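Engineer: Could you build the full structure based on these sequences and the hints that come with them?
The listed protein sequences correspond, in order, to chains A and B.
Take the first sequence: its position 466, counted from the start at 1, is 466 in the working numbering, and no numbers get skipped.
Take the second sequence: its position 137, counted from the start at 1, is 137 in the working numbering, and no numbers get skipped.
Calculated directly from the structure, the hints in this document are not laboratory data.
Hints may be right or wrong, so weigh each one.
Stated by the list, open to error - Pairwise CB distance ranges (calculated):
id	chain 1	residue 1	chain 2	residue 2	range
1	B	ALA91	A	ASP91	33 to 39 Å
2	A	ASP389	B	ARG297	49 to 55 Å
3	A	THR22	B	ASP214	47 to 53 Å
4	A	PHE433	B	ASP214	33 to 39 Å
5	A	GLU57	B	LYS112	55 to 61 Å
6	A	THR22	B	GLU336	57 to 63 Å
7	A	LYS436	B	GLY192	48 to 54 Å
8	B	GLU267	A	GLU57	27 to 33 Å
9	B	PRO150	A	LYS436	53 to 59 Å
Quick caveat, the model's predicted, so the values are computed rather than measured.
We treat Cβ as the ideally placed atom computed from N, Cα and C, and that holds for glycine.
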Amino acid sequence: MANQGRVPVTVLTGFLGSGKTTLLNRILSEQHGKRIAVIENEFGEVGVDHQIVIGAEEEIFETANGCICCTVRGDLIRILGQLVKRRDKFDYVIVETTGLADPGPVAQTFFIDDDLREHFQLDAIVTLVDAKHAERHLDEVRAASEQIAFADVVLLNKADLVSEQDLARVERRVRAINRTATLFRTAAANLPIQSVLNVGAFDLDRALAVDKGFLQPEYPFEWAGVFEFQGAAVRILTGAEHAHGHDHAHDHAHGDHASAHAHGGEGHHHHAGLGITFLRLSDANADELNRQIEPALRAFADQPIDVPCGGKLELSAKLYRLDVGHAGTDFTLTVSEPGTYAVFCEHVPQELSLRFAGLAPVAQRQFASHHHHDDEITSIGICDPRSLDGRKLDDWLNYLMQSQGQDIFRMKGVLSLKDEDRRYIFHGVHMMFDGKLERPWGGTPRNNSLVFIGRMLDRQEIEAGFESCVA
Amino acid sequence: MTPAALNERASLVLDAYIVDVSWSPDGRSLAVAGGEGAVVLIDNLAQKPGPRVLGEHGMGVIAVAWQPGGKTIASSGQDSAVALWDSASAAVKRMRPGTAWTEHIAFSPDGKLLATATGKVLALWDCAGEKVHQFEPLAGTIAAIAWDKPGRDLAAATAGAVCVHRIEPPQFTVRKHAWPAACLSAAYSPNGKVLASGMQDGTVHFWMLTSGKDSQMRGYGSRVTLTEWSANSRFLATASGAEIVVWDFGGKGPEGSAPLELSGHTERVTHLAWQPNGPWLVSAGRDWRLSLWQPGREKQVVDAHLTGGEITAVRWSPDGKRVAVGESKGRLTIYELISQ
Numbered sequence: 001m002a003n004q005g006r007v008p009v010t011v012l013t014g015f016l017g018s019g020k021t022t023l024l025n026r027i028l029s030e031q032h033g034k035r036i037a038v039i040e041n042e043f044g045e046v047g048v049d050h051q052i053v054i055g056a057e058e059e060i061f062e063t064a065n066g067c068i069c070c071t072v073r074g075d076l077i078r079i080l081g082q083l084v085k086r087r088d089k090f091d092y093v094i095v096e097t098t099g100l101a102d103p104g105p106v107a108q109t110f111f112i113d114d115d116l117r118e119h120f121q122l123d124a125i126v127t128l129v130d131a132k133h134a135e136r137h138l139d140e141v142r143a144a145s146e147q148i149a150f151a152d153v154v155l156l157n158k159a160d161l162v163s164e165q166d167l168a169r170v171e172r173r174v175r176a177i178n179r180t181a182t183l184f185r186t187a188a189a190n191l192p193i194q195s196v197l198n199v200g201a202f203d204l205d206r207a208l209a210v211d212k213g214f215l216q217p218e219y220p221f222e223w224a225g226v227f228e229f230q231g232a233a234v235r236i237l238t239g240a241e242h243a244h245g246h247d248h249a250h251d252h253a254h255g256d257h258a259s260a261h262a263h264g265g266e267g268h269h270h271h272a273g274l275g276i277t278f279l280r281l282s283d284a285n286a287d288e289l290n291r292q293i294e295p296a297l298r299a300f301a302d303q304p305i306d307v308p309c310g311g312k313l314e315l316s317a318k319l320y321r322l323d324v325g326h327a328g329t330d331f332t333l334t335v336s337e338p339g340t341y342a343v344f345c346e347h348v349p350q351e352l353s354l355r356f357a358g359l360a361p362v363a364q365r366q367f368a369s370h371h372h373h374d375d376e377i378t379s380i381g382i383c384d385p386r387s388l389d390g391r392k393l394d395d396w397l398n399y400l401m402q403s404q405g406q407d408i409f410r411m412k413g414v415l416s417l418k419d420e421d422r423r424y425i426f427h428g429v430h431m432m433f434d435g436k437l438e439r440p441w442g443g444t445p446r447n448n449s450l451v452f453i454g455r456m457l458d459r460q461e462i463e464a465g466f467e468s469c470v471a
Numbered sequence: 001m002t003p004a005a006l007n008e009r010a011s012l013v014l015d016a017y018i019v020d021v022s023w024s025p026d027g028r029s030l031a032v033a034g035g036e037g038a039v040v041l042i043d044n045l046a047q048k049p050g051p052r053v054l055g056e057h058g059m060g061v062i063a064v065a066w067q068p069g070g071k072t073i074a075s076s077g078q079d080s081a082v083a084l085w086d087s088a089s090a091a092v093k094r095m096r097p098g099t100a101w102t103e104h105i106a107f108s109p110d111g112k113l114l115a116t117a118t119g120k121v122l123a124l125w126d127c128a129g130e131k132v133h134q135f136e137p138l139a140g141t142i143a144a145i146a147w148d149k150p151g152r153d154l155a156a157a158t159a160g161a162v163c164v165h166r167i168e169p170p171q172f173t174v175r176k177h178a179w180p181a182a183c184l185s186a187a188y189s190p191n192g193k194v195l196a197s198g199m200q201d202g203t204v205h206f207w208m209l210t211s212g213k214d215s216q217m218r219g220y221g222s223r224v225t226l227t228e229w230s231a232n233s234r235f236l237a238t239a240s241g242a243e244i245v246v247w248d249f250g251g252k253g254p255e256g257s258a259p260l261e262l263s264g265h266t267e268r269v270t271h272l273a274w275q276p277n278g279p280w281l282v283s284a285g286r287d288w289r290l291s292l293w294q295p296g297r298e299k300q301v302v303d304a305h306l307t308g309g310e311i312t313a314v315r316w317s318p319d320g321k322r323v324a325v326g327e328s329k330g331r332l333t334i335y336e337l338i339s340q
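Structural biologist: Okay, structure coming up:
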């Protein structure tokens with residue numbers, strides 16, 4: 001009923017080799033009782049009985065409003081226009097884009113074109129990421145980050161071909177670009193079909209569930225652990241765990257270093273310096289740890305003290321920057337006052353195989369961070385309980401779309417408007433926007449949650465814009 | 001005021017989404033393109049209409065055209081085939097112009113050549129199904145084709161240009177009318193003076209074929225796919241949403257003048273069809289309404305009918321006395337024009 005009989009459309013994007021065809025074949029061959037029409041970018045790759053597979057060449061057309069970011073796929077309008085004439089014969093559409101395609105025009109086609117809107121409902125944009133080559137793609141090709149930015153669902157595919165450490169790093173990078181997408185780690189695109197079909201990401205009738213984790217404040221550190229420091233000194237090590245002798249460790253380090261480059265390429269090993277600080281705790285529990293977040297934030301705002309490989313640091317609330325540019329580094333932590341400490345660390349230790357020799361944390365937690373990715377595309381989230389003025393909100397969103405529509409790939413939100421019992425929900429692609437009042441707040445606390453995903457977005461400006469809408 | 005009306009004369013329901021219909025030259029029969037794949041012939045329209053299935057295109061018929069002055073019916077389908085049917089014997093000759101769908105077919109006015117647009121490729125066939133000529137692929141998929149009245153030029157609308165293919169066998173040449181937008185329709189004025197095209201960017205473009213001048217009409221809210229000339233070449237009917245916009249080429253022409261705006265539909269206008277030999281215009285819209293107009297004489301709708309479903313085809317009979325109207329749910333209705 002929500003779709004009023006409209007046929008859902010899933011858009012499948014991803015680079016060549018990311019596993020789109022594998023996923024398509026999986027979807028088509030599974031017993032799901034759906035008759036699926038696939039519009040793919042080349043002929044003859046997928047051939048499965050009883051399903052409709054149509055080859056199409058992507059044809060990008062500019063639209064009537066003259067805005068250069070508002071483009072549509074002319075081929076989709078034509079082909080889907082023909083397909084509706086036999087619509088009782090299929091009940092789902094999958095559009096596969098070419099590897100390098102920007103998903104914008106596909107998504108916008110379903111916003112702009114009246115004919116298509118009448119019969120089709122964009123369900124979700126699903127992006128496949130080749131876990132093994134993702135970092136190189138992200139460094140070298142603009143479309144790679146755009147495909148992630150647009151996604152509602154991201155498959156980190158071929159996850160079985162990379163180490164947990166590499167996968168964590170890729171995942172972190174994907175998250176830095178798009179923090180609202182649902183993320184799956186897959187090998188050979190194997191996941192339940194309902195994870196990618198009928199997701200309802202563009203359906204305003206299904207309440208937009210903006211990920212709560214995303215709306216946490218962002219921190220300059222990713223991890224904190226509680227340690228009991230007893231002895232006079234503790235070695236802090238990074239790199240391969242089995243390295244014992246110094247010479248051996250050194251050789252090994254160079255080997256690792258070279259291979260890290262071969263895999264990841266230049267320009268995005270963020271670990272040249274690792275920020276770290278130590279805060280005294282009165283007790284070893286999670287509450288105590290959380291009470292030290294504020295002091296840790298202050299410490300991380302300080303000018304760091306550089307510690308070279310082989311250098312020393314003290315168990316103090318100063319901010320140190322460890323030189324971890326080479327895999328397999330070694331530092332000495334002097335313990336002048338033994339006790340329980342919270343260690344706040346710029347990165348999750350596993351990422352660097354960082355460890356305190358002979359010690360394990362008695363408690364730990366991770367934090368959402370934003371500071372260390374170098375992709376231009378980011379997600380900006382706002383979470384605020386104050387009710388908004390509907391008219392001012394209109395003005396602001398209009399202004400935002402006019403001035404930055406080209407750079408905003410996706411936006412969505414659930415808003416609390418003054419003197420309005422119902423939630424206002426909206427979503428948009430570039431300058432295309434859909435918004436409406438939805439079910440009442442009822443007993444749930446009123447709150448605004450908004451997400452913008454785009455290129456070179458100015459967080460302060462967006463926050464100021466939001467502030468101007470507060471009633 | 002001219003009293004006039006469209007009166008329902010006959011009606012039947014086919015088991016198909018009616019994609020398009022085409023009248024026989026004598027006005028006694030109709031060929032119907034069915035969305036589920038059947039090409040249906042309906043004889044005896046005046047007395048007892050009886051449908052019979054001529055044959056099938058697997059997966060849906062896209063287009064159907066009856067040969068002017070002849071008994072051949074051409075059709076194209078989602079099976080990527082083009083078929084030539086003998087309307088009497090149902091004998092068929094099938095061709096495969098390419099792997100893409102042949103989305104547009106059009107007989108030359110003398111009925112001797114069939115033009116097919118398959119993806120980017122325009123080809124010409126004789127009535128035996130032999131290929132006469134195939135042109136070099138255009139830059140983009142062909143969105144529409146149109147013959148001029150003498151049958152010498154064939155226009156093809158595509159992204160960035162309307163390309164005019166001059167057909168003087170054995171000479172085949174191509175001339176490009178470039179415009180930096182996706183061209184979605186092509187229509188020659190019957191007097192051969194103007195080539196009009198509707199655009200994805202919400203404009204209508206005219207090329208004055210004698211002077212070489214071109215001009216552009218803006219103000220459409222979305223893409224323009226309907227560009228229909230009146231029989232006397234004076235009016236070009238287009239649509240913008242629920243509004244019918246008619247440009248008057250009489251006097252100084254449409255430039256700088258305000259078009260006639262015909263209001264009556266409450267939803268988007270999807271079909272416009274001029275009487276082939278008179279002043280009447282029939283329109284259909286997403287409001288399931290069929291309307292009769294006399295642009296230039298009457299600002300108001302002259303007659304209107306609410307149909308039982310989405311209108312998917314509107315075609316005048318060659319004598320200009322009847323209109324065949326097809327619907328998505330398979331209903332086919334023949335209306336007769338009553339006027340003085």
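Engineer: All the hints need checking, so say for each whether the structure fits it.
Structural biologist: Status of the hints after comparison with the structure:
no. : hint                            : verdict
1   : B:ALA91 x A:ASP91: 33 to 39 Å   : 37 Å, holds
2   : A:ASP389 x B:ARG297: 49 to 55 Å : 52 Å, holds
3   : A:THR22 x B:ASP214: 47 to 53 Å  : 50 Å, holds
4   : A:PHE433 x B:ASP214: 33 to 39 Å : 35 Å, holds
5   : A:GLU57 x B:LYS112: 55 to 61 Å  : 32 Å, violated
6   : A:THR22 x B:GLU336: 57 to 63 Å  : 59 Å, holds
7   : A:LYS436 x B:GLY192: 48 to 54 Å : 51 Å, holds
8   : B:GLU267 x A:GLU57: 27 to 33 Å  : 32 Å, holds
9   : B:PRO150 x A:LYS436: 53 to 59 Å : 54 Å, holds
Checked against the numbered hints above, the structure breaks only hint 5 and satisfies the rest.
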